[in-house]
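Build out the structure end to end from the sequences listed, making use of the hints.
Here is how the chains run, residue by residue.
2 protein chains.
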Amino acid sequence: METIFTSNVFDTETIELAHTRETIVRGGRDKFSLLAQAFDGIKQIGVIGWGSQGPAQAQNLRDSLEGTDIRVKIGLRAGSSSMQAARDAGFSEDQGTLGEMYEVIGESDMVILLISDAAQVENYKKVFATLKRGAVLGLSHGFLLGHLESVGEYFPEGINVIGVCPKGMGPSVRRLYVQGKDVNGAGINCSFAVEQDVDGKATDQAIAWAIGVGAPYVFKTTLGYEYRSDIFGERGILLGAVHGVAEALYRNFVMEKGMGEEDAFVATVENITGPLSRTISHQGIISVYNALDEEGQQTFARMYSAAYHPAFEILMEIYDEVSSGNEIRSVVMAERRFERYPMGKIDGTRMWQVGEKVRAARTGDPEVNPATAGLYCAVMMAQIDLLIEKGHCLSEVCNESVIEAVDSLNPYMHFKGVAYMVDNCSTTARLGSRKWAPRFDYNIMQQALVDFDAGKEADGKLMDAFRKHMIHDVLATVATMRPSVDISLSE
Amino acid sequence: METIFTSNVFDTETIELAHTRETIVRGGRDKFSLLAQAFDGIKQIGVIGWGSQGPAQAQNLRDSLEGTDIRVKIGLRAGSSSMQAARDAGFSEDQGTLGEMYEVIGESDMVILLISDAAQVENYKKVFATLKRGAVLGLSHGFLLGHLESVGEYFPEGINVIGVCPKGMGPSVRRLYVQGKDVNGAGINCSFAVEQDVDGKATDQAIAWAIGVGAPYVFKTTLGYEYRSDIFGERGILLGAVHGVAEALYRNFVMEKGMGEEDAFVATVENITGPLSRTISHQGIISVYNALDEEGQQTFARMYSAAYHPAFEILMEIYDEVSSGNEIRSVVMAERRFERYPMGKIDGTRMWQVGEKVRAARTGDPEVNPATAGLYCAVMMAQIDLLIEKGHCLSEVCNESVIEAVDSLNPYMHFKGVAYMVDNCSTTARLGSRKWAPRFDYNIMQQALVDFDAGKEADGKLMDAFRKHMIHDVLATVATMRPSVDISLSE
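Chains as they are written, first to last, in numbering that gives the first Met the number 0: chain A, 0 to 490; chain B, 0 to 490.
Any given hint could be a false lead.
As the list makes no split between identical chains, a pair holds if one copy fits it or if it spans any two.
What the hints assert, rightly or not - Simulated pairs of lysine-lysine, PhoX-like, Cα-Cα distance not exceeding 25 Å:
#, residue 1, residue 2
1, K256, K356
2, K460, K344
3, K356, K344
4, K256, K344
5, K256, K455
6, K131, K42
7, K356, K180
Derived from the structure by calculation, the hints contain no laboratory data.
Have a look at this one:
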């Protein structure tokens with residue numbers, strides 16, 4: 000994939016990631032003064048939808064564009080229950096910053112379409128038809144392209160079509176932006192894509208959008224690679240896999256190791272969302288292993304070896320399903336069933352009830368459990384290896400497999416539990432998590448834990464490959480662009 | 000769906016099933032003398048493949064056609080490891096009853112294509128091209144039609160294309176046929192479909208084939224309805240659901256009710272595959288409920304009410320996936336991954352190890368556990384209701400949701416365990432079971448068991464609908480055509 004590009008407005012850098020080179024742009028509040036130039040000709044940006052990304056991106060863009068004459072206006076369905084939430088965030092009909100979605104679409108120079116994937120599928124024809132001549136269409140996800148491909152259609156001609164895809168959930172896009180006010184910014188990395196560029200301005204429009212929402216750094220992808228890695232990633236380590244791994248391991252610790260329920264929760268879920276995520280975020284994956292004592296390293300290695308292939312197998316299946324269009328069709332069909340059966344809650348089971356008690360009684364970080372560490376790192380590395388195999392650029396690999404997990408999603412899980420995290424993601428992500436978590440659970444239970452509990456030795460070659468993996472250096476390079484702020488969550 | 004037909008060779012009956020009428024033909028050894036007439040013009044039947052259905056159908060047909068001049072000849076890939084198994088079953092190159100598959104296809108007047116679904120997808124073009132002019136193509140599954148639909152192709156013109164689909168796994172098709180020798184036959188019911196009929200003989204050819212493999216009764220469907228109900232059914236109550244239900248319930252009994260592991264296995268898996276299946280087979284679903292005492296009925300009703308909708312939700316999803324072609328594409332893609340990751344075993348986990356011990360120590364039937372009974376019956380009824388809603392004829396509904404479970408698959412599970420059952424089904428079924436069992440498990444765990452354990456009351460309307468359901472009369476009518484022989488299994 001071509002990841003080299005130039006900009007007429009922003010300074011670009013070309014970084015070396017292992018054997019590859021990528022052009023990137025660093026974000027920061029000192030770049031906000033360039034946004035108006037990059038948005039040349041755009042007087043109104045319509046942000047359509049108030050789901051996960053909508054509130055975050057609209058508020059960040061509005062704040063970043065303060066002092067320019069570019070207006071950010073929210074468009075929502077007439078009678079939408081989110082109208083009041085948008086007003087509470089400072090948008091209003093009176094000031095002309097809130098309106099009915101098709102009116103806003105028709106009058107905006109740039110339309111950022113952040114309605115749910117399913118709503119995009121239902122409404123894209125009318126949206127396309129309503130767009131102003133020469134408007135810019137912005138997406139934060141390649142899902143719509145995936146759907147268009149599966150029905151043999153495409154975007155309208157004659158307009159710029161760009162993507163800016165924050166590699167984190169909406170609430171963290173806003174939270175970090177707010178937290179970063181005093182340190183020249185903090186936020187969520189974004190990939191960008193130029194799907195159609197009719198006037199040569201698309202790249203700068205996309206970069207400006209990304210910097211405006213607070214991206215620490217911006218890298219290039221295509222909408223096709225984006226939806227594959229994104230839909231895949233949230234079904235993998237970001238949501239589906241972490242949930243499935245937690246269930247399988249917790250059950251194993253309770254039923255087979257005789258551990259108490261709260262201890263088991265601490266040794267599994269709390270371990271992953273707490274110390275493991277924090278270590279990976281600041282020091283990389285390999286440091287989890289390096290920090291263990293010899294016995295711990297042996298346990299890690301045995302579990303890593305038992306889990307890597309069962310995880311890789313499910314990940315391959317997910318990638319095939321996404322890439323073939325099956326997963327997108329499934330999401331569209333699922334939405335049509337919601338009227339009869341809305342998505343149920345996942346947090347009523349005993350394990351998550353135990354988790355609530357554990358969080359309430361939490362005092363400090365628990366000791367790292369080397370088996371949990373080995374399992375979590377194995378799934379993460381399997382996801383990294385698969386995305387590399389499928390040709391994704393290393394920034395996309397790192398963000399979809401590591402950074403989004405440890406800097407955006409896991410901290411939310413640590414703070415509020417799995418249900419909160421799942422409920423604050425997109426419907427596509429929630430559906431994917433519900434679909435694939437049990438698959439990871441069973442494959443881990445049937446293969447990895449059976450082997451591990453039977454005392455199977457570590458796989459020397461696999462562990463060597465882990466220790467010498469290029470991703471460790473790549474993560475270290477990418478970490479130099481990480482803001483100094485950790486997300487901090489409170490009620 | 001039109002289920003009325005006439006035959007030039009066999010006596011038909013029209014039966015009333017609730018508000019519907021279906022034409023059926025009863026099987027039996029007294030009909031074998033009519034087979035040659037129905038197979039008029041057919042001198043050789045080539046049975047291609049030696050998987051699950053191949054050995055059963057080929058041997059049954061050969062035995063049923065004894066004394067006619069119709070030859071049953073097995074066709075296998077050159078160098079196939081199944082050659083010896085076919086020889087052991089009495090087919091041989093010397094006698095001209097065993098050969099290379101394309102040779103056999105090219106020389107047969109009727110070709111029964113029983114290679115795996117994936118092999119059909121890989122080879123159908125060559126198979127179609129190799130068929131003799133005017134040959135009859137027979138399938139035991141609509142999978143290939145589903146694939147052809149998804150790639151926009153169809154069967155060759157100018158030949159009869161028929162389906163005969165035994166509603167049970169291959170080993171039981173053979174086992175019951177052998178057991179039924181002295182009682183005018185016993186076997187597995189078959190649906191038949193006439194997809195293309197160029198000479199008016201297709202219906203009789205299909206009925207003859209079904210009676211030849213030992214069907215107690217034969218009913219009409221289409222290949223389209225067949226693949227939907229069949230692929231759906233094995234993902235539902237036949238394999239996927241029963242596995243998922245067992246895992247969720249066993250875990251609940253051990254982790255939340257504090258039951259011992261062996262007791263929990265008896266109260267769940269042994270209950271389902273033993274007394275519940277036997278009662279349903281002989282007296283129908285409602286009799287499970289009627290046989291309970293008042294307290295047992297209340298428990299049954301609470302669990303039934305908690306489980307029906309969570310099961311229906313997953314079943315709807317499965318039906319959509321199958322009907323849209325997604326599931327067929329998934330199977331085709333899965334087969335392509337097998338070289339890298341062959342299907343793993345599911346029987347290594349502690350629960351199935353416990354099961355082995357329980358089976359070894361088994362003395363008689365355990366007492367029925369009313370919670371297990373309520374859960375199992377809820378999933379079965381949800382499947383019945385969904386198939387009716389989707390327009391399947393009642394014979395297909397009963398066979399895919401009840402009879403195949405309690406007369407074919409569950410007895411095998413009871414005898415040899417879940418892994419044996421799974422490994423003796425088609426790859427499509429195995430894949431489906433592995434995919435959907437965990438989905439049933441999670442939905443049952445997260446919704447049904449949470450509600451049940453919280454003491455949620457029974458749903459009066461749902462229980463009324465269950466008690467007054469038309470399926471009870473329908474099953475009673477269908478049961479009159481059940482042979483007097485129960486499958487009996489031994490090493």
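| request: Please flag the earlier hints that this structure goes against, numbers listed from lowest up. | output: Per hint list: single violation, 7.
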